[in-house]
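S.K.: Sequence:
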Amino acid sequence: MALAHGAALFAQVEQRAALLAWLAVVVAVGVAPFLMGGTLPVLLRAVGAGRIGRAGATLYAANTAGAIVGALLPAFLLIPALGVQGTAWAAACLNLAAALGAWTLDRHRLIDIPSDPTHAPLQARGETAPGRVARAGRKTAMPAPMTAAAQVHASRADPVARVAVLLYACAGAIAMGYEVLWSQMVVPFMSTRAFAFSIVLAVYLAGLAIGAALYARWETRDPWRSFGLLIAGAGVVALLEAALLGRWLIGLQTTAEMTVLAWTGSGLAGMSARFLVAATAVVLLPTVLLGAAFPAVLRIAVPADRRGQGAGLVLCANTLGGIAGTALTAFVFLPVLGAVRSLALLALLACAIGIAAVWRTRAMTGSAAAQPRRERQAMPWARALVLGMLAVTLVVGLFLPADHLARLLPGAQGANLVFYEENRGGTVAVVERGEGERHFRRLYIQGVSNSGDAMPSLRYMRLQALLPLIVHAGEPHSALVIGYGTGITAGALSRYPALERRVVAELLPAVLHAGPRFAGTYGAATDPGLDRRLRDGRRELLASGEHYDLITLEPPPPSAAGVVNLYSRDFYRLAAGRLNDKGIVAQWLPLPTQNIDDTRALVASFIAVFPHATLWTTELHEMLLVGSLQDMPLDADRIAARLRIPAVRTALAEVGVMSPGALLATWVTDRAGLARFAGTTPAVTDDRPAIEYATWVRPRELTRTLPALLDLRTAAPVAASDQALLADMARERGALDLFYTSALAAYDGDRGAWARNAPALARLSRDNPYLRWFMGGE
Numbered sequence: 199m200a201l202a203h204g205a206a207l208f209a210q211v212e213q214r215a216a217l218l219a220w221l222a223v224v225v226a227v228g229v230a231p232f233l234m235g236g237t238l239p240v241l242l243r244a245v246g247a248g249r250i251g252r253a254g255a256t257l258y259a260a261n262t263a264g265a266i267v268g269a270l271l272p273a274f275l276l277i278p279a280l281g282v283q284g285t286a287w288a289a290a291c292l293n294l295a296a297a298l299g300a301w302t303l304d305r306h307r308l309i310d311i312p313s314d315p316t317h318a319p320l321q322a323r324g325e326t327a328p329g330r331v332a333r334a335g336r337k338t339a340m341p342a343p344m345t346a347a348a349q350v351h352a353s354r355a356d357p358v359a360r361v362a363v364l365l366y367a368c369a370g371a372i373a374m375g376y377e378v379l380w381s382q383m384v385v386p387f388m389s390t391r392a393f394a395f396s397i398v399l400a401v402y403l404a405g406l407a408i409g410a411a412l413y414a415r416w417e418t419r420d421p422w423r424s425f426g427l428l429i430a431g432a433g434v435v436a437l438l439e440a441a442l443l444g445r446w447l448i449g450l451q452t453t454a455e456m457t458v459l460a461w462t463g464s465g466l467a468g469m470s471a472r473f474l475v476a477a478t479a480v481v482l483l484p485t486v487l488l489g490a491a492f493p494a495v496l497r498i499a500v501p502a503d504r505r506g507q508g509a510g511l512v513l514c515a516n517t518l519g520g521i522a523g524t525a526l527t528a529f530v531f532l533p534v535l536g537a538v539r540s541l542a543l544l545a546l547l548a549c550a551i552g553i554a555a556v557w558r559t560r561a562m563t564g565s566a567a568a569q570p571r572r573e574r575q576a577m578p579w580a581r582a583l584v585l586g587m588l589a590v591t592l593v594v595g596l597f598l599p600a601d602h603l604a605r606l607l608p609g610a611q612g613a614n615l616v617f618y619e620e621n622r623g624g625t626v627a628v629v630e631r632g633e634g635e636r637h638f639r640r641l642y643i644q645g646v647s648n649s650g651d652a653m654p655s656l657r658y659m660r661l662q663a664l665l666p667l668i669v670h671a672g673e674p675h676s677a678l679v680i681g682y683g684t685g686i687t688a689g690a691l692s693r694y695p696a697l698e699r700r701v702v703a704e705l706l707p708a709v710l711h712a713g714p715r716f717a718g719t720y721g722a723a724t725d726p727g728l729d730r731r732l733r734d735g736r737r738e739l740l741a742s743g744e745h746y747d748l749i750t751l752e753p754p755p756p757s758a759a760g761v762v763n764l765y766s767r768d769f770y771r772l773a774a775g776r777l778n779d780k781g782i783v784a785q786w787l788p789l790p791t792q793n794i795d796d797t798r799a800l801v802a803s804f805i806a807v808f809p810h811a812t813l814w815t816t817e818l819h820e821m822l823l824v825g826s827l828q829d830m831p832l833d834a835d836r837i838a839a840r841l842r843i844p845a846v847r848t849a850l851a852e853v854g855v856m857s858p859g860a861l862l863a864t865w866v867t868d869r870a871g872l873a874r875f876a877g878t879t880p881a882v883t884d885d886r887p888a889i890e891y892a893t894w895v896r897p898r899e900l901t902r903t904l905p906a907l908l909d910l911r912t913a914a915p916v917a918a919s920d921q922a923l924l925a926d927m928a929r930e931r932g933a934l935d936l937f938y939t940s941a942l943a944a945y946d947g948d949r950g951a952w953a954r955n956a957p958a959l960a961r962l963s964r965d966n967p968y969l970r971w972f973m974g975g976e
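Position in the sequence shown counted from 1, then plus 198, gives you the numbering used here.
Derived from the structure by calculation, the hints contain no laboratory data.
Watch out, some of these pointers could steer you wrong.
As the list claims (entries may be wrong) - Simulated crosslink set (EDC-like; lysine to aspartate or glutamate; CA at most 16 Å straight-line): (1) K780 with E673; (2) K780 with D829; (3) K780 with D833.
Kindly produce the complete structure, drawing on both the sequences and the hints.
M.R.: So, in structure tokens, the structure goes:
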């Protein structure tokens with residue numbers, strides 16, 4: 199709860215004492231996991247002292263199975279129904295219920311997990327396990343003193359345990375490194391929706407649970423050999439799966455999606471099946487092997503009389519290794535080597551751990567003669583197998599192309615990949631397609647097309663920057679762009695000479711690196727007058743405290759995971775507090791990326807903060823919300839004067855806006871119209887990020903949303919007596935109406951309507967680059 203309300207305080211403290219700010223976050227976030235991390239060792243101590251591997255495997259599998267439910271419930275049920283804070287309260291209640299259950303069991307009976315008959319619990323022999331709490335009123339039997347032989351075994355076991363714990367810590371680093379890389383490997387086959395991340399995490403946890411459960415059922419005699427082969431096997435399997443990824447997986451995903459869609463009629467269920475197939479193909483098998491390694495190392499490192507303490511040490515070492523592996527993979531391996539080479543490196547390290555475990559010293563295991571004959575016979579083939587895994591890893595790692603994953607991107611098929619970068623924030627690619635006037639490049643982030651420099655994108659992004667400046671009721675001198683994207687919006691600001699301060703906030707370094715590949719940006723990537731800040735846009739507003747005449751946003755679509763916080767009512771309140779007098783916030787409103795009810799929620803969020811709000815149609819698929827805390831009268835003379843600025847006039851003429859009438863023809867409605875459209879739909883808030891967890895967008899949703907918004911259209915309330923301007927507005931609006939009507943008919947499958955209107959559209963497109971792009975240069 200403190201985190202939900204502490205963002206502003208954190209940003210302020212970070213500016214003065216970054217270490218202190220982050221330490222506070224670590225403490226706030228870390229207390230609950232710290233306490234939960236002790237639950238498994240405590241439970242392991244509470245169960246009967248049978249086979250430690252089997253008991254640990256059973257508990258670990260049960261705990262991880264619960265984690266699977268925890269990974270899926272928030273995204274699919276709890277957050278949509280209860281909100282973020284309600285979900286946190288629900289989790290707290292479940293924790294309390296578990297605590298109450300444990301307390302009740304501890305008060306009334308002992309807990310035993312069945313063990314092998316030949317390894318019966320101490321209670322079967324009339325004894326009480328060390329450290330065990332007996333029923334109230336009964337005395338606890340003291341453990342028998344250790345015999346001399348047992349003391350010798352314990353002294354020999356200590357170095358064995360230390361080596362096992364060290365190797366398992368390294369295995370934890372590798373396992374978490376895999377998780378970082380798998381999030382990149384599944385990019386070509388997934389989505390940026392929160393559901394996709396939940397499913398990948400659930401599959402990861404399912405693999406761990408299945409592996410532990412299988413080990414509990416088929417426990418082997420030699421845990422060292424099992425541990426070594428499991429860790430090495432996980433590495434080579436992960437690398438082989440990466441090498442085998444291809445278009446076949448997309449076909450399998452499509453089959454699964456269509457099958458589930460036919461059964462359920464639910465787009466969300468169909469897409470979830472699609473994500474499940476991809477996650478299973480990439481993640482499941484290696485995690486099964488990793489999950490089986492945990493009980494194996496428990497058998498090596500944890501003595502039965504100190505099973506709680508020993509299991510805690512094993513988990514602690516594994517977690518610390520996981521932290522190190524996450525940091526190294528995300529901040530060193532991935533940026534330097536890329537995903538494919540990093541995966542090969544981790545597979546080699548896994549093989550090294552496997553070799554160290556299989557080639558354990560006799561000092562740890564005793565003389566060869568003391569080992570059972572069956573174990574001595576198994577040792578040569580185990581060593582040969584782990585060496586074979588190393589050889590396979592070396593061969594695959596050397597010959598697998600570094601850009602293997604890049605070639606699988608959805609937009610890369612039959613196109614030219616001009617930029618590809620894997621970084622800690624995600625995978626960014628630029629794909630080139632088309633020829634002549636229809637030549638363009640697209641920006642892909644995490645495998646999802648975000649934007650590009652084709653004419654439709656060029657038009658709406660130019661207007662995203664320049665339209666609010668032109669209709670501004672004051673004299674704008676400063677502007678902030680949240681989201682660099684292709685750089686077109688940020689670059690368009692340079693066309694307005696009165697701007698003295700131009701700032702852009704971008705979260706991903708790779709997006710800035712990709713910037714020079716796009717046309718129409720006016721050199722934004724290297725413009726010395728543009729202050730490029732590598733920071734989340736919301737955090738920029740919290741931390742800097744600077745005020746602006748214009749804040750314009752070009753984030754990813756609102757349904758993408760984590761992006762909703764740039765579309766929420768809470769964000770708009772923050773942005774409104776960073777506006778100068780008569781300042782404006784301009785928000786990109788994509789239409790096909792969410793269902794119409796979710797679009798209503800986005801509008802409701804905006805008008806909940808800005809008493810003066812307007813809507814403009816910047817392109818067939820996009821609109822622009824413009825809001826202010828003060829009135830925004832449309833002054834024809836001021837608009838015309840700003841459009842006469844040579845750089846502004848040229849920039850807009852290139853996208854089909856060649857006059858004040860053409861600009862004003864994009865007007866849709868005022869706040870009253872927006873309120874009618876939103877109706878009683880609840881606003882999107884930080885606590886209720888409904889759109890992030892909304893049902894899957896329906897096919898051709900544009901044909902529902904765009905007409906509903908265009909039905910709100912009124913004449914632009916411009917103060918003008920110039921009849922020529924009014925006639926120009928009417929003519930330009932008629933052209934847009936004809937184009938929109940024809941395009942919507944084509945979307946609905948009525949190609950005849952498009953054909954009937956094509957001659958008129960062709961005439962209009964001769965002097966309009968935007969319409970000409972759609973008409974194929976006719």
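S.K.: For each hint, tell me whether it holds in the structure or not.
M.R.: Evaluation of the provided hints:
{"no.": "1", "hint": "K780 with E673", "in the structure": "holds, 9 Å"}
{"no.": "2", "hint": "K780 with D829", "in the structure": "holds, 8 Å"}
{"no.": "3", "hint": "K780 with D833", "in the structure": "holds, 14 Å"}
Comparing the model with each numbered hint stated earlier shows that all of them hold.
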